[in-house]
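Novice: Each chain is listed here by its residues.
There are 4 protein chains.
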Amino acid sequence: MSVEIPPCVSHSVLVKVKAAGVCHSDIHLISGVYDMGDGRKASATDGGRHLPLTPGHEIMGTVEKLGDGAESVGVKEGDQVIVYPWIGCGACRKCLSGKENMCEGAAAFLGIIRDGGYAEYVLVPNARYLVKANDMDASQSATLACSGVTAFSAIRKCRLHSDDLLLVIGAGGLGTAAIQIAKKTTGARIAVADVDDSKLELAAKLGADYIFNTSKLAAGDLASGVRNINQGRGADAVADFVGTPTTTSMGFRLLGREGRLLLVGLVGGAVQLPLPLFPLRGAQIAGSFTGTLAELVELVELAKRGVIAPVVSGTYKLEEANEVLSRLARGEIKGRAVLKP
Amino acid sequence: MSVEIPPCVSHSVLVKVKAAGVCHSDIHLISGVYDMGDGRKASATDGGRHLPLTPGHEIMGTVEKLGDGAESVGVKEGDQVIVYPWIGCGACRKCLSGKENMCEGAAAFLGIIRDGGYAEYVLVPNARYLVKANDMDASQSATLACSGVTAFSAIRKCRLHSDDLLLVIGAGGLGTAAIQIAKKTTGARIAVADVDDSKLELAAKLGADYIFNTSKLAAGDLASGVRNINQGRGADAVADFVGTPTTTSMGFRLLGREGRLLLVGLVGGAVQLPLPLFPLRGAQIAGSFTGTLAELVELVELAKRGVIAPVVSGTYKLEEANEVLSRLARGEIKGRAVLKP
Amino acid sequence: MSVEIPPCVSHSVLVKVKAAGVCHSDIHLISGVYDMGDGRKASATDGGRHLPLTPGHEIMGTVEKLGDGAESVGVKEGDQVIVYPWIGCGACRKCLSGKENMCEGAAAFLGIIRDGGYAEYVLVPNARYLVKANDMDASQSATLACSGVTAFSAIRKCRLHSDDLLLVIGAGGLGTAAIQIAKKTTGARIAVADVDDSKLELAAKLGADYIFNTSKLAAGDLASGVRNINQGRGADAVADFVGTPTTTSMGFRLLGREGRLLLVGLVGGAVQLPLPLFPLRGAQIAGSFTGTLAELVELVELAKRGVIAPVVSGTYKLEEANEVLSRLARGEIKGRAVLKP
Amino acid sequence: MSVEIPPCVSHSVLVKVKAAGVCHSDIHLISGVYDMGDGRKASATDGGRHLPLTPGHEIMGTVEKLGDGAESVGVKEGDQVIVYPWIGCGACRKCLSGKENMCEGAAAFLGIIRDGGYAEYVLVPNARYLVKANDMDASQSATLACSGVTAFSAIRKCRLHSDDLLLVIGAGGLGTAAIQIAKKTTGARIAVADVDDSKLELAAKLGADYIFNTSKLAAGDLASGVRNINQGRGADAVADFVGTPTTTSMGFRLLGREGRLLLVGLVGGAVQLPLPLFPLRGAQIAGSFTGTLAELVELVELAKRGVIAPVVSGTYKLEEANEVLSRLARGEIKGRAVLKP
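Residue numbers (my numbering), protein chains in the order written: chain A, 3 to 343; chain B, 3 to 343; chain C, 3 to 343; chain D, 3 to 343.
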């Protein structure tokens, strides 16, 4: 790749990339669509995108240069920083409330709408989007900006009490982050469902109280398993990090009274849900798209204290980006791959 | 009907019924099932029900007799009272938190599990479930116990800000109550969708800012109509009081960023929803089953001040109960019918 | 005043001032201190202030010129706008959460730290701080930026239920705004205490349910008056817009169980409070400093619909600023004065 | 003591006491008053108390006998149970919302208004107030009902984020419980201030991240110490478990922007607070009286999993109650004493 180094205009910061995580949504970016499950497709980005675009929204790097006014925020050249990529228009209601990831206007998400981190340098439009990483591991800290903060925000939205049971579906990168975060920041017990025994072993090591290999359970056994460990109740919250119609439907039916189902996945498809269960159980479903900048700041604090240790499966050269994406699309990469320029 | 007057045991209160509202769910009680939309049926009541049972959960009456200990709560013989029928086990987590309508244990819902208000007398197990009605109209105040508090709780769960747009689907008994409640207790603007012009006129008179007759709109026109009145955004909240797969699917697709869809209906069926929209929009769906006793107390306060005036369509003799239910099932009764012993 | 028109740098917007409200805190700005009630004084501004400074933080005007990048936000030259003056550093935890008024870093509050609206032109560092005023009255809309949003935020922090009683202390500019806001956005009943019958009459006209002239009440009569109208309970919330040790102490003692006392005043002094009442009543005190930009957006929505109509007592020429401030300090100006360049 | 065993009436449960904690407020019960700090005294109990009264509100025991209807709740004879003593009238707004500890009506607090646990048997008016203790240690589990749940509720009311700093004042029974609870259920860092090095050592062992011996610090050193460990900010929350005017005033002045000060103590006295700091810092003070039954249920869950281990300093015979109380009043007992019949 030979992309020009962008000029560092007012308030902006030029960051030299040290690590850029590879995310499933980078594949959507290439295909450009999400499958709505009814034959229709939705655009993976809004009209603001101008191709070609450099992907990469999980970025960690070193501050190379500060534009006018950027120094006031407290970062300086040479600082190790994690980049918050979910940059909104700054003026819509969501942005005004600190929820730029939910921007209702012309968002400028790095690696999605604007050039991102699969490059030697990335231009960040304002120093406020940089979170100091100090001496954290580059690859691990990069992944906090998407998979980490997505898990953090989902767990917060579960609103867990100390006598609640949380069921995490999927013990991959997001799921293992969620287990660590829930273990540290809530008093809830954690059950994990996956189809892979090695992942479940890792989940247990990270703090899961109960594990279920759903590939080995007969229909209905997970439901009765959940009730057995939760005093006869369904799950108080389910965080579905797989996000297929099958897992979502399963998660919904496992909910107890006022149970919360958190959906973060962009795999696509449609789910069919029985309407009477919503009122009868007071069931709730909430979609969650990454997290806020304030949530990333909280998460980085936890990571610095060693409470959260993201699981990185492998690092690759920047030149290998296309190959890594292809292998990820074919399901050949487990866990989080990280590119290093 | 010749049912024995129940003995007034410790803490309980015998109430002479003055008015009992007729609710759609009374029909489910007779059929005994909810349609899950996938060929399956769910029981309309849990195992605690012993047939025959007297229906009627929207009850207003006069305190006839107080059991031992009941007088301490502040009600006395002759008081006009509204009965909160959503009585839980008293000991599960939901009951301990004041959410008996969400009881996880052996609920004792009046008119559903225990004998209700289609009778001359109803036995209320504890005086705390009585809310003083003073000189309120018997028929109107009876309906607060189910349709009123259902609308109240749904509006609260919409968490409306003053720059939000609420869309109410269905301007019947619940919808018109919701319009009045939202108008008084929130700063939000209110749009109403229905297929009946006369209902929409009533909605406008009660305070709706915008009305849409969906029977006269082409596909997509409601969506663009909502965006036009909401600065290009989707609806910030949708309260669906119709509750069919069609309205629910429509309501979900109309949501803007972090939009909330409230479902209260028990009509049955299943809805198919595109999964990517949940995270991309931060969309939320919440089922709501009636409301809490504390919410009923709040609502009765509003009704006493004349802020809420439930719309009652007609009153009937207790002896006509079966006929009224049959006509309601055939769709021949519009609005809320009330039985008067 | 002959101040140079500031150059319109990147992202910033030059606004031609049409109206600038005169606030009590402008007087603190001149004295430079707050009285802590124990002989000590606290600086009225942090170290970022460079004298001389142009006061004026309640600003309404016309967009004169947009800096580079500012146009993207949706405002254009000629737009009528209200300026949000509580501009934070943009990078601290409070700013990241949309609470710039609570900035923990180097705030840039207009009229307090940076040049404000007692001038022909004011430079706003980013277009996001402008809220469109359309054809609203200039003087009234200017006051929304401080007295209006202060009342709005205080009422929100009262977290009022429909069966709550709110007591507003002081029916001046803030108090009358609070009455209108509480009346429209909550179901609570509103009582108002003041020493001036004409103000109490206005309060009643604006929607107060009960009024108390405390200059005519014997000690203890207000407490029993509150209990009489609130079923024997103390006030569920008290919003004290006078803010002297006397009113604060009185407000605290009037609180019922879990009652909330909101303090917004900067008059100064110290209050003595009996410690056991905090736990025994679950009493809560919260200080509130103006409001957030998102709250101002909500408030402007209400004002555009005519729900809120700020009470402006008189308009003056910009040249009269010093005299108006002197008269305000001597207590000779009632209500909100507004300067017009 | 020779008190008759009370008859087990409808719904009530007779519990054979195994352990009863001795609480500071038992001393207030004897004196009958709280010192308001202005020469006045407030009654320690409301008019419902009939002397003589058996104290003791931290009760653990065995179910001896169930009254009619009590068995439905799921407890049976022989069960080990913790008794929730903060029993309200059941009918006021607070009771309806599950906050019986904040009862606005005729409360029936065990050991305060009704006979408590300094006895062989205690009568609990409803089985819902019993939380199963299984095979937990009798003395430890008894203390959960007051000191434990008080700490739990205070920590919850601190609303801690993962990048917050909590300062706990006082590392006694309540403080050490609070440290354990905050450590498990929040991501916040915990600082502890006390005057006793041995208590501070225990605090560190239980998970405190920072400790301050205030008896060895010069004036202002605690404030700068807090800022040093919190990126220049004041404390985000302070939980004051000492509750004297000195500690409360200190805690208030240590608060950062939007900082929360939690007060639980009933030691008495008055505190003088500078008014301008409330709005300027957005400071909040909240009194907290014990906790709710739902909170006790959550806490017991944590204790069963070993997350919380209350520190009991010594056990005594029931006959020694008066002597233990006298020694507690003279400050000769450190930590929690427990009586065993």
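Hints may be right or wrong, so weigh each one.
Which copy is meant is left open, because identical chains are indistinguishable; a pair holds if it fits in one copy or across any two.
Calculated cross-link-like contacts (lysine to any residue; reagent style SDA-like; alpha-carbon spacing at most 25 Å) [claimed, not checked]:
| no. | residue 1 | residue 2 |
| --- | --- | --- |
| 1 | Lys159 | Val309 |
| 2 | Lys20 | Leu68 |
| 3 | Lys342 | Val314 |
| 4 | Lys218 | Thr317 |
Please keep in mind that the hints were generated in silico from the structure rather than gathered at the bench.
Source: prediction; values computed, not measured.
Novice: Each of the hints needs a verdict: does it hold here or not?
Specialist: Right, here's what the structure says about each hint:
1. For the homomeric pair Lys159 and Val309, the shortest alpha-carbon distances inside one copy (20 Å) and between copies (24 Å) are both at most 25 Å.
2. For the homomeric pair Lys20 and Leu68, the shortest alpha-carbon distance inside one copy (17 Å) is at most 25 Å, but the shortest distance between copies (37 Å) is not.
3. Taking the shortest Cα distances, Lys342 and Val314 sit within 25 Å of each other inside one copy (13 Å), while across copies they are farther apart (55 Å).
4. Neither within a single protomer nor between protomers do Lys218 and Thr317 lie at most 25 Å apart by alpha-carbon distance, with minima of 33 Å and 51 Å respectively.
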